[in-house]
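Colleague: Here the protein sequences come in this chain order: A and B.
Here this note's numbering is used: position 177 in the first sequence is 177, and no number is missing along the way.
Here this note's numbering is used: position 83 in the second sequence is 83, and no number is missing along the way.
Think of the hints as simulated: they come from the structure by calculation, not from any bench.
Nothing here was measured: the structure is a model prediction, and the numbers come from that model.
No false leads were mixed into what you were given.
Just so you have them, the derived chain A footprint on chain B, three or more residues with Cβ under 8 Å:
id	region
1	136-144
2	147-156
3	168-179
Have a look at the derived ranges for each label pair, beta carbon to beta carbon:
id	chain 1	residue 1	chain 2	residue 2	range
4	B	S23	A	R134	44 to 50 Å
5	A	D47	B	D141	45 to 51 Å
6	A	D77	B	A25	53 to 59 Å
7	A	T21	B	A43	17 to 23 Å
8	A	S166	B	D171	26 to 32 Å
A few chain A residues facing chain B, derived, Cβ under 7 Å:
id	residue
9	V137
10	Y149
11	S166
12	T179
Just so it is clear, CB atoms sit at the ideal spot from N, CA and C, and this is done for glycine as well.
Protein chains: 2
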Amino acid sequence: MAITEEKIIAAATRHLNQEPTASMARLAEAIGTSRATLHRHFASREDLLHTLGVRSLDRWEASQREAGLAEAAASGDPARITEGLHTVLRLFVADADEYGFALTDYFMAEMPDLVARANELAEREIAFYAAAQRAGVLRTDLSARWISYTVYGLLVAARDSLRHGSVARRDLDQLVLETFLNGNGAGGTP
Amino acid sequence: MAITEEKIIAAATRHLNQEPTASMARLAEAIGTSRATLHRHFASREDLLHTLGVRSLDRWEASQREAGLAEAAASGDPARITEGLHTVLRLFVADADEYGFALTDYFMAEMPDLVARANELAEREIAFYAAAQRAGVLRTDLSARWISYTVYGLLVAARDSLRHGSVARRDLDQLVLETFLNGNGAGGTP
DNA sequence: ATAGTATGAGACGAAGTTGTCTCAAACTAG
DNA sequence: CTAGTTTGAGACAACTTCGTCTCATACTAT
Numbered sequence: 001m002a003i004t005e006e007k008i009i010a011a012a013t014r015h016l017n018q019e020p021t022a023s024m025a026r027l028a029e030a031i032g033t034s035r036a037t038l039h040r041h042f043a044s045r046e047d048l049l050h051t052l053g054v055r056s057l058d059r060w061e062a063s064q065r066e067a068g069l070a071e072a073a074a075s076g077d078p079a080r081i082t083e084g085l086h087t088v089l090r091l092f093v094a095d096a097d098e099y100g101f102a103l104t105d106y107f108m109a110e111m112p113d114l115v116a117r118a119n120e121l122a123e124r125e126i127a128f129y130a131a132a133q134r135a136g137v138l139r140t141d142l143s144a145r146w147i148s149y150t151v152y153g154l155l156v157a158a159r160d161s162l163r164h165g166s167v168a169r170r171d172l173d174q175l176v177l178e179t180f181l182n183g184n185g186a187g188g189t190p
Numbered sequence: 001m002a003i004t005e006e007k008i009i010a011a012a013t014r015h016l017n018q019e020p021t022a023s024m025a026r027l028a029e030a031i032g033t034s035r036a037t038l039h040r041h042f043a044s045r046e047d048l049l050h051t052l053g054v055r056s057l058d059r060w061e062a063s064q065r066e067a068g069l070a071e072a073a074a075s076g077d078p079a080r081i082t083e084g085l086h087t088v089l090r091l092f093v094a095d096a097d098e099y100g101f102a103l104t105d106y107f108m109a110e111m112p113d114l115v116a117r118a119n120e121l122a123e124r125e126i127a128f129y130a131a132a133q134r135a136g137v138l139r140t141d142l143s144a145r146w147i148s149y150t151v152y153g154l155l156v157a158a159r160d161s162l163r164h165g166s167v168a169r170r171d172l173d174q175l176v177l178e179t180f181l182n183g184n185g186a187g188g189t190p
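With these hints in hand, go ahead and build the complete structure from the sequences.
Modeller: If you want it as C-alpha cells, here you go:
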C-alpha cells in the first residue's frame, strides 16, 4: 500500500486550490497515482469532493473548538472573548490557506448535508460574535450575522492575496485581525 | 429579431449568479431561447463567458470613473477622496450584486486578456487607496494593496449575504462602508 | 519462496457537452 | 401580400469525462 487515503486527500486539496475544476485524471496525475487507484479509494468524483468538504468542515469546527469560542462566549469575560477572537482568526487564516478552494467553490452548495453542517457551524460562530458584542468587544450596531460574513470575506481576501503573492504569510494574521477589528479608515473622524 | 444580445447577456449573467457551471443548454433555457439561437449570437461558450467578463470589467471601470477616483486622488483633498471612497463602495456593491459570479469564478483566471485588464484596474484602485492614505483618510500601517483585497473580500461577503437573504439590500451599502472604514471592533481599546 | 495484495496501463461503454447543420415555421419590413 | 430574416426543434459528429473492468507487474508479509 504505497498510497494512503490521507496522501490522496492532501494532494487533491493542494491541487484543487490551483485548479478548482480539475478532472479525476488531472487529480490522479497531481497526486502521483493512476486514475484506477484513485477510483479504488474514492468511488466517484462526488465521493472525493464530499470527503474534502467534510474535511474542511472538520477543520472549521476544530478551529472553533481550539479557540474555545463556546466557553469564552459562555464566560462573558471580555478578555477571554478577545483572546478567543484573536485565536480563531489566526486559525481560520491557516484553514483558508489550506482549504481555500472550498471557500468559494460551487460543489459545496450542491451537497445538502455539507450545507446543513456549514449552517450549523456558522450559527455557532454567530452566537460567539453576539456574545462578543454583549461583552463590549465588538460593536453592537452591526448584526452578528453580518459580522460573520465579513470574516468570511476577509478569509477570501487573505486566500487570494496569498495566492497572488501580494502579502507575506507571516504578516497575514495581523492584517486580517487589524482589518477585522478596526477597518481601513484612519480613524481621525469616526 | 425577438432576442437581443443584450437580453442574452443580461439573462445569462443573472442565471450564472445562481448556477455558475450552467451549460449552454441550461443558459438557453434560462434566457428563454434555443441553443441554436444562442450559438448564432455567441459562437462558443468561451465567447459568451469572455463577453460577460468584459462586461463585468467595463462595469468595474465605469464605477471607478463615475466615482471620480483618479481626480480625487490627484486633488489630494481629504473631503473629495472620502466622497469618492463612499461613492465607489456604493457602486461596487451594486456591481457585486449584478456580476457576483465573476468575483470568484475560475474562468476569469483562464483568459489572459481579462486577467491583464483586471490587474490594470486593480492597480488604478490601489493608487487611489494610496492617495487616500497620504490624505489621512485611510490608515497608513496597511499596504494599499492589502486594502484593495479587503474591498474585494467585503464584496464577496456582500454578494453572499444578499444571496442567502441575510441582509436587506438597502442596508448593504452602509454595512460595507462601515465595516470597511471602522471594522467590527467596539473601538473602546484600540 | 510464495501467496496475497496493491498498482499502473489501457480498453470500454455510458453520459453529457459542444459546435454545426438542416429544415420548417414564425415573424417582419416594405 | 410577399420576400427576406429569424427562430426553434432536432439530428449529427467530435470531444471530454466518468466509472468499470481486465490483466500483467510490482510489492509485502510470513
